[in-house]
Amino acid sequence: MPAPAPPSAPPGLAANLARHAGIYAAFWRNSLVREMGFKINFLLWIVVELLWFALQLSFMAVIYSHTERIGTWTQWQVVLLVGTNHLLQQLCTALFMTNCVKLSENVRSGGLDFMLLMPVNARFVISLRHVDFGAFVNAGSALAVMGYAAMKLGVHPSLAQMVSFALLLAVGLSVHYSIMYLLACISFWTVRAQGIIWGYYNLFQLARLPDEAFRGVFRAVFSFVIPVLLVTNVPVKLVLEKLGSPLESLWLVAMATAMFWASELFWRWSLRHYSSASS
Amino acid sequence: MGKYAHVINIGIQSTLVYRVNFVVRALFGLIPLFSLILLWRAIYEGASGPQVGGYTLGEVITYYLMVNVVVALTSVTEDDWQIAADIRDGRISQFLLKPIDYLRYRLCLFAAGRLVYTAAALIPTALFLWTQREHLQLPPSPTHAAAFGVALVLTALLQFFISYTMALLAFWVLEVATFIFILFAFEYAAGGHLFPLDMLPPAIQQALQFTPFPYMLYFPVQVYLGRATPAEIGQGLVVQALWVAVVYLLARAVWARGVKHYSAVGG
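So the protein sequences, as listed, match chains A and B. At position 151 of the first sequence the residue is numbered 795 (my numbering), and the sequence of numbers has no breaks. At position 172 of the second sequence the residue is numbered 173 (my numbering), and the sequence of numbers has no breaks.
These aren't lab readings, by the way, just hints derived from the structure by calculation. Where hints are given, some of them may not hold.
25 Å max Cα-Cα, derived SDA-like pairs, lysine to any residue [to be verified]:
id, chain 1, residue 1, chain 2, residue 2
1, A, Lys683, A, His774
2, A, Lys886, B, Gly47
3, A, Lys683, B, Tyr249
4, A, Lys746, B, Gly30
5, B, Lys99, B, Val8
6, A, Lys683, B, Leu175
7, A, Lys683, B, Gly47
8, A, Lys796, B, Ala48
9, B, Lys4, B, Arg253
10, B, Lys4, B, Lys99
11, B, Lys261, B, Tyr249
12, A, Lys886, B, Ser49
13, A, Lys886, B, Leu40
14, A, Lys796, A, Lys683
15, B, Lys99, B, Thr230
With the sequences and hints as input, model every part of the structure.
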C-alpha cells in the first residue's frame with residue numbers, strides 16, 4: 645500500500661481547494677448517514693420548524709389585518725422579508741448551527757484535542773463537520789413563500805438583480821456564521837456557552853423585521869456593531885428597489901468582512917486559553 | 002411536609018449555581034421584546050386613529066411587557082428536560098423506592114427555580130420597565146391586582162402540570178423534545194405570546210376558548226390590563242382552576258400508566 649507521501653512543499657491553491665472539497669464531501673456523507681438513523685425524529689423536527697415559520701407568517705397576517713403598512717412596507721413585502729430571513733436562518737442551521745453548539749461541548753469534554761491534531765485547518769473542521777439536512781427541507785418552504793410573495797407583488801427581478809440578491813444572501817450568511825462562531829468561542833471561558841448561542845436565535849428574530857421600524861441607538865447598534873438588521877433587509881430591499889443608496893449593499897459586504905476577521909482574531913486568541921479537559 | 006421544604010432549599014441552591022446564565026438569558030430575552038415594542042410604535046405612527054385592533058399604544062406595550070413578566074414568573078424552562086432525562090436514564094427508580102412523591106418533588110424544584118429566576122431577572126426587568134414607564138399601565142383597581150395574583154398562581158400550576166405530563170411521554174418514546182416543541186409552538190400562538198388574542202378573527206377566538214392555551218398566558222394579562230369585566234374574571238378563574246384540576250388528574254393518570262410500562266434502563 646503506497647501511503648500518500650507528506651507534501652514537501654505547500655500544495656498549490658487548486659490542489660488545496662480540491663482537498664478541502666473532498667473532506668467536505670465526506671462530512672456530508674457522514675451527516676446523512678447519522679440523520680437517517682433517526683428517521684422519525686428527522687421528520688418531526690421538520691414539522692417543528694414548519695410550525696414556527698407559520699407562526700411568524702401568522703403574526704404578520706394579524707398585524708396587517710389591522711394596519712395597511714409598517715413604515716413604507718406593505719404586507720407582501722414583509723412576507724418576502726420574513727421568507728428570506730427564514731431561508732437564511734435555515735441555511736445557517738443546516739451548515740453551521742450544530743457545529744457552533746458542539747464547540748462548547750468539545751471544549752468541556754476535551755474532544756477538541758482531536759480536531760486540533762488533524763492535519764487540516766481546525767476552524768474548517770469545527771465549523772463544517774455536521775450538516776443538518778432537515779434544515780434544507782425547511783429552506784425549501786422558505787423559497788416557496790418567497791416565490792409566492794414575489795408573485796403577489798408582481799416583482800420580476802432582472803438576472804442581475806437575482807445574482808446580486810443571491811450574492812448578498814451569501815454575504816449575510818457569513819455575517820450570521822461569524823457572529824455565531826464568535827459567540828461559540830466564549831465557551832473557552834465559560835462552560836455554558838450553548839445558552840449564549842441559542843440566545844443568538846433572539847437576534848435572528850430581529851432580522852426579519854423591516855429596518856424602518858427602528859431608529860436611534862437601537863438601529864445604529866444592530867446596523868453598525870452587530871449588523872443583523874442589514875443581513876435580510878439589504879437583499880430584499882435590493883429586489884424591491886427600496887434601497888436608499890447602493891452604499892447599503894457595500895456596507896453589508898464591509899461589515900461581513902469585518903465580522904469574519906473579528907471572529908478569526910477572537911478564535912485564535914481564545915485558543916491560547918485552551919488547556920484540554922482530560923490532561 | 003418538612004422533606005419538601007428541604008427539596009425547595011436544594012432546588013434554590015442548585016439553581017443559584019447558574020445565576021449568571023439566568024441574567025444572560027433575561028438580557029437576551031429583552032432584545033426581541035424591545036424590537037416588538039419598536040415595531041408596534043412604527044405601526045401606530047402610520048395609523049389613522051389612536052387605536053389599532055382595539056388597543057391603544059400604551060395598552061399594547063403594557064400587554065407585551067406583562068406577557069414577559071408572566072412568562073418569567075410561570076413558564077417551565079429546564080424541568081421538563083430534566084424529568085424526561087430522569088426517566089430515560091433510569092434515575093427515576095430511586096423515587097419509586099423512597100417515600101417521596103415525584104410530582105410534589107418536581108413541583109418544589111419548579112417553585113425554587115422560578116424564585117431564583119425571578120430574583121436574578123428582577124433588576125434587568127425592572128430597569129427595562131422603567132425605560133418604558135411612560136407607557137406602562139397599572140391594574141385599574143386593587144381587585145384586578147388581586148385577581149391577577151390568583152390567575153398568576155393558577156397559570157404557573159397549569160404550565161407546570163402540562164409540561165410534567167408531556168415529559169412523562171419519555172416512558173414511551175426516546176426523544177420527547179420534538180413533542181414538547183410542537184406543543185410550545187401552539188402555546189406560543191394560541192396563548193397570546195405573539196399578539197393579543199382579541200386581534201384574531203372572532204371565529205378563531207371562539208374556538209380557542211375551548212382550549213387551555215388562553216389560560217396559560219393571555220388570561221392573566223387581560224386581568225392585569227383591566228380588559229376583562231368582573232364577571233369575566235370570575236368565570237375565567239373558575240375555568241382556569243378547572244383546567245388545572247383536569248391536567249393534574251391527567252398527570253397522575255399518565256404517571257400511573259408510565260410506571261407500569263417502566264423498565265428501569267440502567268437502573
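Hints and how they fare:
The hinted pair formed by Lys683 (chain A) and His774 (chain A) meets the criterion: a straight-line CA distance of about 17 Å does not exceed 25 Å. For the given pair, Lys886 (chain A) sits about 18 Å from Gly47 (chain B) by alpha-carbon distance, which is consistent with the 25 Å threshold. Restraint check: the Cα-Cα separation between Lys683 (chain A) and Tyr249 (chain B) comes to about 33 Å, which exceeds 25 Å; the hinted pair is violated. A C-alpha spacing of about 23 Å is found between Lys746 (chain A) and Gly30 (chain B), which places the hinted pair at or below 25 Å, so the restraint holds.
Straight-line distance between C-alpha atoms of Lys99 (chain B) and Val8 (chain B) comes to about 14 Å, which keeps the hinted pair within the 25 Å bound. Restraint check for Lys683 (chain A) and Leu175 (chain B): satisfied, since their Cα atoms lie roughly 13 Å apart, inside the 25 Å limit. Straight-line distance between C-alpha atoms of Lys683 (chain A) and Gly47 (chain B) comes to about 48 Å, which puts the hinted pair past the 25 Å bound. Between Lys796 (chain A) and Ala48 (chain B), the direct Cα distance comes to roughly 24 Å. Compliance with the 25 Å bound is thereby established for this hinted pair.
Between the alpha carbons of Lys4 (chain B) and Arg253 (chain B) the distance comes to roughly 21 Å, so the proposed pair stays at or under 25 Å and holds. Between Lys4 (chain B) and Lys99 (chain B) the CA atoms are separated by roughly 12 Å; this keeps the pair inside 25 Å, and the hint holds. In summary, the hint linking Lys261 (chain B) to Tyr249 (chain B) is supported, as the alpha carbons are separated by about 19 Å, within the 25 Å threshold. Our distance criterion of 25 Å between C-alpha atoms is met by Lys886 (chain A) and Ser49 (chain B), whose separation comes to about 24 Å.
About 19 Å separates the Cα atoms of Lys886 (chain A) and Leu40 (chain B), which keeps this hinted pair within 25 Å; it holds. Distance check on the hinted pair: Lys796 (chain A) and Lys683 (chain A) sit about 36 Å apart at the alpha-carbon level, beyond 25 Å; violated. Straight-line distance between C-alpha atoms of Lys99 (chain B) and Thr230 (chain B) comes to about 48 Å, which puts the hinted pair past the 25 Å bound.
Comparing the model with each earlier hint shows violations of hints 3, 7, 14 and 15; every other hint is respected.
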